[in-house]
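Protein chains in written order, with this note's numbering: chain P, 1 to 250; chain B, 251 to 500; chain G, 501 to 750; chain A, 751 to 1000; chain E, 1001 to 1250; chain F, 1251 to 1500.
Heads up, some of the hints might be wrong.
As the list claims (entries may be wrong) - Calculated from the model, a selection of chain P residues having no Cβ within reach of chain B, i.e. all distances over 12 Å: (1) S5; (2) D155; (3) L157; (4) R182; (5) E193; (6) K195; (7) G224; (8) A232; (9) D247.
As the list claims (entries may be wrong) - Pairwise CB distance ranges, derived in the manner of DEER restraints: (10) P:K137 - B:G411: 38 to 44 Å; (11) A:P951 - E:G1224: 21 to 27 Å; (12) E:K1195 - G:L712: 54 to 60 Å; (13) E:E1197 - F:E1478: 54 to 60 Å; (14) E:G1107 - G:A688: 56 to 62 Å; (15) G:P707 - P:V134: 46 to 52 Å; (16) G:P683 - F:G1485: 34 to 40 Å; (17) F:G1485 - A:P959: 53 to 59 Å.
Claimed, not checked - In silico contact screen, one side only, chain F against chain E (beta carbon under 8 Å); selected entries: (18) Q1262; (19) L1268; (20) T1271; (21) H1286; (22) Y1317; (23) F1331; (24) G1333; (25) T1341; (26) H1437.
These are calculated hints, taken from the structure and not from any lab test.
Cβ coordinates follow ideal geometry from the N, Cα and C atoms, glycine included.
Here is how the chains run, residue by residue.
Protein chains: 6
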Amino acid sequence: MKAISLTEMTWQEFARGLPHTIIALCVGSLEQHGPHLPLSVDSLIPYNLCLKLGERERLFVAPPFFYGYRSSPFTGGGQSFPGTTSLSGQTLTALLRDVLQDFIRQGCYRFLIMNGHFENTPFISEAAHLVTAVNTKVKVVIVNWWDLLSPATLDRLFPEGFPGWEVEHASLVETSLVMHFRPDLVHAELIPEQKGEKHKPRPLVFPEPAGLVPESGILYTATGASPEKGAAIAGEILTQLQKIVADELA
Amino acid sequence: MKAISLTEMTWQEFARGLPHTIIALCVGSLEQHGPHLPLSVDSLIPYNLCLKLGERERLFVAPPFFYGYRSSPFTGGGQSFPGTTSLSGQTLTALLRDVLQDFIRQGCYRFLIMNGHFENTPFISEAAHLVTAVNTKVKVVIVNWWDLLSPATLDRLFPEGFPGWEVEHASLVETSLVMHFRPDLVHAELIPEQKGEKHKPRPLVFPEPAGLVPESGILYTATGASPEKGAAIAGEILTQLQKIVADELA
Amino acid sequence: MKAISLTEMTWQEFARGLPHTIIALCVGSLEQHGPHLPLSVDSLIPYNLCLKLGERERLFVAPPFFYGYRSSPFTGGGQSFPGTTSLSGQTLTALLRDVLQDFIRQGCYRFLIMNGHFENTPFISEAAHLVTAVNTKVKVVIVNWWDLLSPATLDRLFPEGFPGWEVEHASLVETSLVMHFRPDLVHAELIPEQKGEKHKPRPLVFPEPAGLVPESGILYTATGASPEKGAAIAGEILTQLQKIVADELA
Amino acid sequence: MKAISLTEMTWQEFARGLPHTIIALCVGSLEQHGPHLPLSVDSLIPYNLCLKLGERERLFVAPPFFYGYRSSPFTGGGQSFPGTTSLSGQTLTALLRDVLQDFIRQGCYRFLIMNGHFENTPFISEAAHLVTAVNTKVKVVIVNWWDLLSPATLDRLFPEGFPGWEVEHASLVETSLVMHFRPDLVHAELIPEQKGEKHKPRPLVFPEPAGLVPESGILYTATGASPEKGAAIAGEILTQLQKIVADELA
Amino acid sequence: MKAISLTEMTWQEFARGLPHTIIALCVGSLEQHGPHLPLSVDSLIPYNLCLKLGERERLFVAPPFFYGYRSSPFTGGGQSFPGTTSLSGQTLTALLRDVLQDFIRQGCYRFLIMNGHFENTPFISEAAHLVTAVNTKVKVVIVNWWDLLSPATLDRLFPEGFPGWEVEHASLVETSLVMHFRPDLVHAELIPEQKGEKHKPRPLVFPEPAGLVPESGILYTATGASPEKGAAIAGEILTQLQKIVADELA
Amino acid sequence: MKAISLTEMTWQEFARGLPHTIIALCVGSLEQHGPHLPLSVDSLIPYNLCLKLGERERLFVAPPFFYGYRSSPFTGGGQSFPGTTSLSGQTLTALLRDVLQDFIRQGCYRFLIMNGHFENTPFISEAAHLVTAVNTKVKVVIVNWWDLLSPATLDRLFPEGFPGWEVEHASLVETSLVMHFRPDLVHAELIPEQKGEKHKPRPLVFPEPAGLVPESGILYTATGASPEKGAAIAGEILTQLQKIVADELA
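Work out the full structure: start from the sequences and follow the hints.
Following this line, the structure appears as structure tokens:
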């Protein structure tokens, strides 16, 4: 069996793979995901996708980053739900920059950062910029997994019309993926009958006003989620990831 | 005549308005905007919108922030065009936090931050979070002006279908607005016949690959821009801004 | 079944436990641990100890911190082995401070930080200082698990004399604990016949000189490790931890 | 007509001038300047001087920095007047360093920083030091415009004896220069009959004691200011600036 | 004998004096001071002045800060002389802020900061601002010792006209003071026959141009220095310091 | 007589020694040391050891760092005694990094850092790491002086068994060394009859609990200290230091 995850690997296994490997970094958040999903959804999905990808590509998966940037009420439920525990942007950037730099010191130059939490993107990008600006050998590709689903797939999943990724929080796609990867962690019986609003742009207000997010923490709806849908979604994402690896990190 | 802009106001005029005023902060970028628009489009539009708003509402407009966060090739042309001159995220956040804090010290508690550069949003939000987290009197509303146009307006402006705000860089809407506010700064004769691709999500790659952006720097197309369209767009935005002021900052 | 780990818990389970719970934070490192143990030993041991403790006490276990401070050649093998991937002290402190602060914001005031990597201690302490200096409600207890074994136990484990915790890296105690908690991750057949030197103080030299650490990465010896010893060690540590919880965090 | 100001220039105009241009950065403050002058005097004067210089030399003028370091009661009126809105030293340095660095990335190596606010000088110098210490191609010249007037001119302007630059705040020289550059922004009718003390060194006391600054905010006197004097002063400064450009930045 | 210096005091002596004492902090630099004076002149003078002041006032003298901000060629000889070893502005501010804060934690609220190095002033001020902005009980007075000499004294010391404090580096006043306080550290026989230029404002150029400073490192002249002059100068400064203590820190 | 201390040296003496010298940096703390020793013990001992070493080796002793990291109740008495005045870890690291970097700029590449305060070690190491990671010419050796005493010496000094260095605070060894180097600063008559506990590991608790440290501030006992013992201890340390210089810094 191939060693894929750095947490389970000895230093000698790592050393043997080092010259020709890509390092995958998975960045999530500790954030409410409705009454039916665990707080770690945003790292769980990227980490499982990368482990699967590691079965197909030369790729080592680094230990996941469980904590991410503060949740926005428009895309993740905001900071007011108990359990949502977040980093400042500066700390998230410093954390990723340090880890990237220390892998680079060891001779790793190709990185795939798989992000599972919308709000992280700019702070991950800042870290990627900082390390590539000073070392031309390094290449970093940042992927938000939801960007890899095709419009055709979204049409199939949402016959009534796709509500927008911003409200797909703890909703059909995430629920299906967790049902696929970790069915033991889904409390399907607690999924409420509810349908939130579709996404529309709104001004950002600080401090966060009350009442922006449905009480359950699900932004749109998880009704209709299934492990089969999760498997299909994961399959399409993995195919796209293989293409990205071939195009950008070969 | 009412004093609106802090750059043109004496301290006594400011002091008289202080107890009942909103402070508007305009954040832009120094960034390529095609062969026909100046580098300062992203601060010019918010600043002119706020000056107009100041004619209708009790509002003081602070000096504009001309420098913003690094440009992404998917939403602004990237950092490779000469003239695009940017701040790190940490510096942009520190700059806004310092200015907000020093207005708060003087007894200003209500802020409207008008943003003209997509990539700034998270770093502005971080500053807004930092100052509101330690002072419950303070309220900060952040508006990206393009979020205020209705789908109906976009349908009217783009009969062939709206390409997405990400590619509306140096394109029809921005060009029309500059034609409306500062016609002297538009080189209409240099607008190329071109039409870029519509927005589709792509992985972020660092360092920035060549060839992602059309040579002109216009992401979609500026053909069809006009001062009349600019006036109509500005009018709709101002109506929406008045509503936001009434709802959130009264 | 009781939910103990925040990664597996919904926000509602967390909310119900919040008023009377202690938060356990486990801090490790990604660091070589000989040819027979995985890179994550230093987070694996604290995390499993805390999960066990959570079966006995009201305690929620936060997601582990897999990355720690740079490894010293005198206590962990140094930074020269492939796979050892570390943070700066400033980043580690910022990371822990951010997480502590955001739990405090939610009303959590009692923290048990279980450390598995010697070099982390001062940077964890700095974070604990920073959050307790500004909020008198907060109490943070930091435990290095190895400090909880009694001299009597060490005498039993090391009939030839205890060599000192500094060289107990990837050696008998750590190996036994991983054999107990995660036997699937131990390559017992790769444990070399070797015995390193006992600890003696030496000047710290930068850059790290070559040759300070045995080639295997084991500082003393792993010979004689067994799951039974691991169970006994874990048992004594858990008893001590319960006492600390009762004395300091009740 | 030559494009001089980056805010009004397209990226192609900038690109054409890039190989042989100097970048001028104007740093001011948002600070009380008496009942008769606007809050932006300290950026207005440097910016207008640089635009004039740009008519004579190959020089591009970057967008002004409107916010500067905290005002001292001995040289600018202190922080207690409404409207005076300032940055910390660390932020001002970071802001200038970022902007310098990003111009350097584009191949600009010669910079003229024109300062209009006494208290900024050390924080500007720190930024200049940071970028020149790591790149030997770069040269930065920092000019406080008031240092360019000759003793002979000062004798002419102040027949009763020059009171010292520290108290020349909102006083004769600044008022005359604004009368010259932007007469529309001067409320000459509000200039009080007053004459402050000449400068003498005093200990710096924190927090700022009350009563150090005349109520008007004028440190010495603005009586006698005229646009003609402003034109003469600007003329002498420009001559000196041309000499500095020739000597240091050719 | 009264204990005055914290370096020589036990904690109990400190504790007894704490309720009614002023803490004096002496900030200098490690900087060339000509062929005849030691590198520590800028801390030596403030420290000895404060010890003397401590014989007259209730005042504890904290250990000196030997390292200061970078030397400017116009006021201290610049960074190019061997031995001149300096801090960044940010570090100097952090150092003083930490020390002030930790004295404040112990109940010390009145501070006299005696500065011996011109370039330090803004970075000391920033620290003083930071601690007084968050605690209204605290008062910090910053004194540059040279500001305490009267014009009459300067006339007496410089019959040919005072050249300006900026060039009084390693020159008559500093040399006389070291002759007074530490005659054993003065190599009077190495004082060159030289007379530098009087101070005139010049643009700051980075990197520092060669040739701005006389080869000896003395900016004006040390000829004529004597211990008697040093005693008279110290006497006048001490009288002024007593007045400042009475006026500002009683 | 040889110039050894930079505080007493001219720039020309420094310049002559520069090509072949080691720079010694002494880092201490301002911290309670019982009723009989001054607050500066932790810098006094390293500084005197280095001056002695400088009589035997080519070595320049830089001005001491009097302020160190926060005192822990288990190794230094904690922060609760009046007089203990400390830096944050980040500031201590920044301070040392700045000083090391500025000596490196002058061509000094070999450093001996002599530490006198246990809690400083990791923050000194971080600074040493930072400067050596970017310049392969630089070598930094960090010595805690107490690590240089042999077990045989400790047996001789402590016939009843060595209690552990952690509790050797203000106790026999430190007292003897100060009696040797600065007998004028020891109040031998105030040494209490007391014997503290031997060191045993304990969890670190924040905020610091009361009652962990004996009221005197002496962690074990100072009874039996003598200048003769101090001379013998200093002698052994110096011999070991010469060996370290020969082995690591020649």
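Structure-based check of each hint:
no., hint, in the structure
1, S5, "holds, 22 Å"
2, D155, "holds, 15 Å"
3, L157, "holds, 16 Å"
4, R182, "holds, 25 Å"
5, E193, "holds, 28 Å"
6, K195, "holds, 20 Å"
7, G224, "holds, 24 Å"
8, A232, "holds, 19 Å"
9, D247, "violated, 9 Å"
10, P:K137 - B:G411: 38 to 44 Å, "holds, 42 Å"
11, A:P951 - E:G1224: 21 to 27 Å, "holds, 24 Å"
12, E:K1195 - G:L712: 54 to 60 Å, "holds, 58 Å"
13, E:E1197 - F:E1478: 54 to 60 Å, "holds, 59 Å"
14, E:G1107 - G:A688: 56 to 62 Å, "holds, 59 Å"
15, G:P707 - P:V134: 46 to 52 Å, "violated, 20 Å"
16, G:P683 - F:G1485: 34 to 40 Å, "violated, 54 Å"
17, F:G1485 - A:P959: 53 to 59 Å, "holds, 56 Å"
18, Q1262, "holds, 5 Å"
19, L1268, "holds, 6 Å"
20, T1271, "violated, 11 Å"
21, H1286, "holds, 7 Å"
22, Y1317, "holds, 6 Å"
23, F1331, "holds, 5 Å"
24, G1333, "holds, 4 Å"
25, T1341, "holds, 5 Å"
26, H1437, "holds, 7 Å"
When the structure is compared with the earlier hints, violations turn up for hints 9, 15, 16 and 20 and for no others.
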